[in-house]
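K.L.:
Okay, here's what each chain looks like letter by letter:
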Amino acid sequence: MKYTYYPGCSLEVSSKSYSDSALAVSELLGIELVELEDWNCCGATVYLSYEELISFSLCARNLALAEKYDRDLAVPCSSCYTSLKKTATYIQENAELRDKINQALQAAGLEYKGKVNIKHLLEVYVNDIGLDVIKSKVKRELKGLKVAPYYGCQIVRPLHGFDDPESPTSLDRLTEALGATPIYFPNKTSCCGSSLIATNEELAFRMQKDLLLCVSGNDAEVIITVCPLCHMALDAYQKKVGKMYGFNFKIPVLHFTQLMGLALEIPSKKLGIKTGLVPLNKALMAYI
Amino acid sequence: MEPKIGVYICHCGTNIAGKVNVEEVAEFAGKLPYVVVSKAYKFMCSDPGQNLIVEDIKKLKLNRVVVAACSPTMHEPTFRRTCQEGRLNQYLFQMANIREHCSWVTEDKVEASEKAKAIIAGAVYKATYLEPLEVKKVKINPHTLIVGGGITGIQAALEIADSGHKVYLVEKEPSIGGHMAQFDKTFPTLDCSACILTPKMVQVAQHQNIKLFSYSEVLEVSGFVGNFKAKILKKARYIDPDKCNGCGECALKCPIKVLSEFDEKLGMRRAIYKPFAQGVPNLFTIDKEHCTKLLKDKCGLCEKICPRGAIDYEQKDEIIEVSVGAIILATGFQIFDARQMPQYGYGRLGNVITSLEFERLCSANGPTGGKIVLKDGTEPKSVGILHCIGSRDDRFHPYCSRVCCMYALKYSHLIKEKTGAEVYQFYVDMRCFGKGYEEFYNRLLEEGVHFVRGKAAEVTDFAVYKGEEGKLIVRCEDTAIGAIRRIPLDMVILANALEAKDDAKELARIFSINTGADGFFIEKHPKLAPVSTTTDGVFIAGCCQGCKDIPDAVAQGAAAASEALSLIDRGEVEIEPYTSIINADLCSGCKTCIELCPYTAIEFDEEKKVSAVNDALCKGCGTCVAACPSGAATAQHFTDKQIFSEIEGVLA
Amino acid sequence: MKNNVSILVVDDEPIVCDSCKKILTEKGFTVETALNGEEALKKFKKGDLDIVIVDLKMPGIDGMEVLQSVKKSKPEVDVVMITGYGTIPSAVEAMKLGAADYVPKPFTPKELGQIISQVVEKRSKLVAEKAPKKGAILLDVFKKPSKVAYHPERVWVKDIKIEEALDENFLNEVRSTPGGERVMDCMQCGTCSGSCPLSYRMDYTPREINAMVRAGLRDEVLSSNSIWMCSSCYLCTVRCPRQIKITDIMYALKNLAMKDKRFLKKAKSPLLSKYFVAIVNRYGRNHELELTLKFFLRANPRAILKHSLMGLRLFLRKRFSLFPKRIKNINQLRTMVRKAEALGGLR
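Chains as they are written, first to last, in my numbering: chain A, 741 to 1028; chain B, 461 to 1112; chain C, 169 to 515.
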């Protein structure tokens, strides 16, 4: 299977290990991810706050570029995924917006007809490839590893339809397929607060504290994420958050593709397992 | 005979005259072909207005009458009677609706007048080709079929039976009583639900005019007003009803335990069971889904135990046909499955329960003997009641379920009385509209219930703050105090929406009625015909028509009974002659119409090899007219000629 | 420390008069008060005043009339307007008529002190051109966003909402944006605010914002911190029983506030957006280092030190790049952005 691949800005640098592991895992699963030529930033929440039309147009440029190929667009970042998907949906639904975006695209010699199918990488693995196939490729079952499958907000909201916005299960099921044990924790779709880290650290940290508290309270040995921003919030700031609230959090955070890679016996160096700021624990070291 | 048409334009006070220049329109109508008189008058439906028509019919020898006024639903019958008074066949009357279709919905006065002219011209052109028709009369069968043995159906059955008419009461479950039998107390008077319901159930069982079919369903209905035939499936209970005296020895010995539906799966019943001790009829039933004797031919204990030899494993389902003149549907409601809203934790968090589960917990004949307890058997110290779960919600049910505010108040009182726990209500708007309801609300305010104005956002077991450990935490915005709150509770009761039953659509099909966007059966008119349906002789009552409380359901049950009795006592029924007729000379016998007729009103005459319409069954829908390849079928009062002429008039 | 500047404070709320008198007396000014326009003009004729601080909205002779009479008879006297929520447009009007400055309610003693000091400073310099500096105060505040929404010493006077101060068109502005269509359907149940992970810290909860949009409280909504607190997690949107896309409404409001810079005083988010937009327009992609540096230099320079250690740790793990990556066809992107800009956005 062949997909057009939209890594997004975070995966280029700060979450390169997410991209590396995604590419390695995909290859093993027989998926070819072809990076979208000359893609641009999706605008994220930040550009959208500034001016919606331009922000939608930025996404539309990517969609226009992707439309040249008859392939689905695979997106590993939840924020990019929501931006692109929202743009595509609103272009369909809102005639005035469609008209203005088309004018902007035309000025740049582009056109978007509305045909690109946007999928999150998790959706590609769980729905397109299927858990049975993944299970059959697992070489080293992650028996007994207690995993907190953290979805965050934007992969399931607003109503993308590939999983329930309140109580999604795809990542839990994927975890099970790898032989690991997904733990129950009630705020698996709570917001990580990453969009507020720069502007309102105190509030963002409070959200991360609640998440980490809930995860550790339910005995998770590792958190897996489906979004580079969630990963950054929970990994890079974990120590600071703990310090601020008087907890000694030490829960490694992996991109879900890294965990998959471990089960598929991809060398940990290739997966960038050790690029996280939270040191790996015993439970994880057993698989490295 | 040359048509002589009289046109009468109603001012309807300012309703029409405020937008339509009635004098100008009257002048216009006077110039239309065959119109001999055209007048405008303040209120055509008043006595002087009607007299105007009667006198003109006599004086000017009018043979067609057109009234341009309101909707025909409103006054067509009035003016038809007026025509009859003037000795003119009532089907030579044509109504033009220039109120709902014109003056009420048109902004501009000139446009409104022009539109009125077009509508009237259409009516006049159609009237030119109207033909006199005769009303048909059919005898009415005096029996009534009532479907649903909840409080509504019971009320209706007793009303009719007491008047001396026979009733067939069909109930799906092994016992009548419906949801009311599950309740502990009723609001706002707090009288015991069972104490007021059980005597009525017994009356039903004993009434000589009521034939009760419990554990039965209606499979099929045919016929028309006054002359329905219904096929009833009597499911096998594997018990001889003449021998069983309800002693219950069998259930004591039955080794198979099943979650009790009546107890909302909070308690157990056996595979041979009576849903509850006071159930009517006083008969046991073997559940064939679980009985090992019926499933695997093992056990057979009940047969050995039964002192009266009432067990009959060989019993078969029976189909019984009854003839009735009227039908009342009182099939009730079901409650919304709160699993569809995972944020409230139902199904995941043990002490989050539904309203009906709470009723069973609270009821003296319930699984806990009326003790309000948590899953671990202890009493709750704090309870939250979450309003509007699935109601007033565009994703599920946009309507208000109308009973939840009140039962939430009732629960609060019962919880406080029985456990002394703190009670929190999370409400959007308190709707206490009935007699004595506001007073009840006031009483609960005084009893110290915490009223938090704001819909609960979520229920979680993730404790963050002191005092939350091991509790269910409700997070919400308390809009009255303007703060976000987290309230730790022991028990959470969800006020689930009432909704139409899953089989409502199927029932609607069987009885040829309709369901609305909300899934409930639609009444003929929301205000003036609340228990009638568009199918004559079929009435609806209780929660199958929409959410309502016990007083309203009972009132509707009685209302439907009264409608049915008024129909039966007429002795015979007039049928509108808007039926199709098939011209035997033109019919080629292709049978296309027979296939398509939704009312199975067309039969094939094997001798003459042509189709013929049974006008007692025909509803005049016109499907056959449109489908007939040889143009043999005509819809009376809506002939092609009349309709084309009407169109011509509108466009003229 | 007594100085020789005398001030008259005019407000129909005695509590405002008293607070101002207390604050300004402490700073050494001679302060008189008046509770209405008539009294104010009498005192003004009698005394030798330097500055008049007057509430814009008062029964009888209002602040605008007081301003006009003062400027007519003694143009050298400076007038500072006190304005409530929803009266900022009138404040601007007052500046055109010669007011020296204005203080938006609620204000802290510090804010009042600052504004009066500036006026005094200007007087002492006896600058020849007396042109008022329109809107300058708000821009200053934007440079240094105030951190706290709540201040214990804040002079908070609740007032009647007057119909004339409402903006009828506000609702239409919001309704016409994608996602804003259903704002009228809100039944004020509070599910959005109860679900929002941040509403507890907002000036107005999302539910209140909805109600305020419908009521036309444009200035209050756009100057509130609520819109900048939204973390865009969409929980409100998926839970709303009326299916109102609240997150989208928040974006629409952010856009409106961005366009009208006077509302950007409380939040750092607009600043972050501004730099982000500039970087994306320049390279076509984000460059995390540049964004972080620029933002913190402006918003909170001390934080750079705090963050530098983490930056280093990320850098060691090759998770921080020193140089931006520019997309090949950047000109195409810029043309598109310019065109979208020229289209005037969505409104």
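Think of the hints as simulated: they come from the structure by calculation, not from any bench. Careful: at least some of the hints might be erroneous.
Distance condition first, Cα-Cα at most 20 Å in a straight line; then the derived DMTMM-like pairs of lysine to aspartate or glutamate [unchecked claim]:
| # | chain 1 | residue 1 | chain 2 | residue 2 |
| --- | --- | --- | --- | --- |
| 1 | B | K597 | B | E899 |
| 2 | C | K240 | C | E261 |
| 3 | C | K474 | A | E775 |
| 4 | A | K756 | C | E456 |
| 5 | B | K626 | B | E1023 |
| 6 | A | K808 | A | E775 |
| 7 | C | K496 | A | E767 |
| 8 | C | K496 | A | E851 |
| 9 | B | K961 | B | D700 |
| 10 | A | K840 | C | E341 |
| 11 | C | K436 | A | E942 |
| 12 | B | K926 | A | E941 |
| 13 | C | K436 | A | E851 |
| 14 | C | K493 | A | E752 |
| 15 | C | K493 | A | E833 |
| 16 | A | K853 | A | E906 |
| 17 | B | K931 | A | E752 |
| 18 | C | K496 | A | E807 |
| 19 | A | K875 | A | E767 |
| 20 | A | K840 | C | E349 |
All figures in this text were calculated on a predicted structure; none of them were measured in a lab.
K.L.:
Would you mind marking each hint as holding or not holding in the structure?
P.N.:
Comparing the hints with the structure gives:
1. K597(B) / E899(B): Violated: K597(B) and E899(B) sit about 52 Å apart, past 20 Å.
2. K240(C) / E261(C): Satisfied, since the Cα-Cα distance of roughly 16 Å is no more than 20 Å.
3. K474(C) / E775(A): Roughly 36 Å between the alpha carbons, so the hint for K474(C) and E775(A) is violated.
4. K756(A) / E456(C): Holds - the C-alpha atoms of E456(C) and K756(A) are around 13 Å apart, at most 20 Å.
5. K626(B) / E1023(B): Between K626(B) and E1023(B) the Cα gap is close to 15 Å, so the pair holds against 20 Å.
6. K808(A) / E775(A): holds (13 Å)
7. K496(C) / E767(A): Violated: K496(C) and E767(A) sit about 27 Å apart, past 20 Å.
8. K496(C) / E851(A): holds (18 Å)
9. K961(B) / D700(B): violated (31 Å)
10. K840(A) / E341(C): This hinted pair holds, its Cα atoms lying about 17 Å apart.
11. K436(C) / E942(A): holds (13 Å)
12. K926(B) / E941(A): violated (24 Å)
13. K436(C) / E851(A): Violated. K436(C) to E851(A) sits at ~36 Å, over the 20 Å cutoff.
14. K493(C) / E752(A): holds (9 Å)
15. K493(C) / E833(A): Violated. K493(C) to E833(A) sits at ~34 Å, over the 20 Å cutoff.
16. K853(A) / E906(A): violated (32 Å)
17. K931(B) / E752(A): violated (44 Å)
18. K496(C) / E807(A): Holds, because 19 Å separates the two Cα atoms, which is no more than 20 Å.
19. K875(A) / E767(A): holds (15 Å)
20. K840(A) / E349(C): holds (18 Å)
Consistency with the previously given hints fails for numbers 1, 3, 7, 9, 12, 13, 15, 16 and 17, ordered from lowest to highest.
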